[in-house]
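Novice: Sequences listed follow chains A and B, in order. Taking UniProt numbering, I'd label the letters of the first sequence as residues 1 to 108. Taking UniProt numbering, I'd label the letters of the second sequence as residues 1 to 212.
Don't read these hints as lab results, they were simulated from the structure.
Here are the in silico distance ranges between beta carbons for each label pair:
| # | chain 1 | residue 1 | chain 2 | residue 2 | range |
| --- | --- | --- | --- | --- | --- |
| 1 | A | Tyr63 | B | Lys191 | 46 to 56 Å |
| 2 | B | Ile124 | A | Arg69 | 53 to 63 Å |
| 3 | A | Lys92 | B | Val147 | 53 to 63 Å |
Below, simulated SDA-like cross-link-like pairs (lysine to any residue); rule was C-alpha separation at most 25 Å, straight line:
| # | chain 1 | residue 1 | chain 2 | residue 2 |
| --- | --- | --- | --- | --- |
| 4 | B | Lys179 | B | Ser134 |
| 5 | A | Lys61 | B | Lys30 |
| 6 | B | Lys52 | A | Arg48 |
| 7 | A | Lys92 | B | Ala190 |
Backbone N, C-alpha and C fix where the C-beta goes; we use that ideal spot for every residue, glycine too.
This is what each chain is made of:
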Amino acid sequence: MSMPISADLLDGVVLAVLKHDDAYGYNLTQQIQDKIPLSPSTLYPVLRRLKAQDWLETYDKPYQGRNRRYYRITEAGRNHLTGLLVEWTAYKKQIDYFLNPTQPQKEA
Amino acid sequence: MSTDTYFQQVEQLLAPLNPDERFEAIEYFKDYAQDANLDTGDALVAQLGTPKQLSRQILADYSIKATENQQVQGTKTNNRSTMRQIWLVLLAILSLPMAIPLAITVFVLIGAAIIVLISILGSIWITIAAITISGFFIGGMALYVAVGLVTTHLMTAITYLGMGIAGLGIGLLLIPVLKWFTQASFRSFAKFFRWIYQRLSNRRQAVEVSDK
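Chain A extracted, bound-state conformation (with noise of 0.2 Å):
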């Protein structure tokens, strides 16, 4: 994809892939990738942020010998998450009405 995600939105695509299950870096990071081309070192500055925000919290767990660090939502993740739905559904709409005027356009 040419187009750049922005900050906002990938903040949501991580808490949206953390609301279903915790997970780990590079599990996290495969889940994204699966769908939306990522760089691996992309997703750390987004989750140190989501962190700092407490909009998630991180915990580990003993891994063959090692302590991997797993990812959890918290509450305030969950509640961040419903006000980005809300916003990303206006701003598609939006966008939808010129880019895409054959679909049926609903008045808000």
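Starting from the known structure of chain A, fit chain B onto it as the hints suggest.
Specialist: For chain B alone, kept in the frame of chain A given last:
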């Protein structure tokens, strides 16, 4: 290059960070490398870039300060989207990390401010609305009386007719005022919430910076 050398180099290049931040970044990418089976330096470079590239990317994120995108609203705001903004800001305020006593104080203050604002704006609104409605009511009554008197007391009827038309006129004049006032109240409300949120998030960012 071995994986150890790779991470040693990254660690050196991350010198501007404080030890905790450096440790956390290194741990994340070591974790990542092991989960992704990147067991040679070359594999690491292929996936994560050279130590220099990786460290530059990590450092870049730290230098991005609070210049978060101030969204420019190009579209005309209506009351509903203003309400939504208020809700989003409220949610955002609730999700801000704060010490509990500070949080309680802030919420009580916000609550008090909201009640005061609603009372003031509400009473002004009700006053305007009352004048509008009584204008219509008195106007209608006066016109009714005028019609009843027109055959017997012509002059009194004309007086009542004048009062009726004046009353209706006042009512009609105040309708746009009422509408404007409602919208202005919603807008100032939203502005007030944005202001609170900015104050709170500035405070938090200031704390983050001073931690370094």
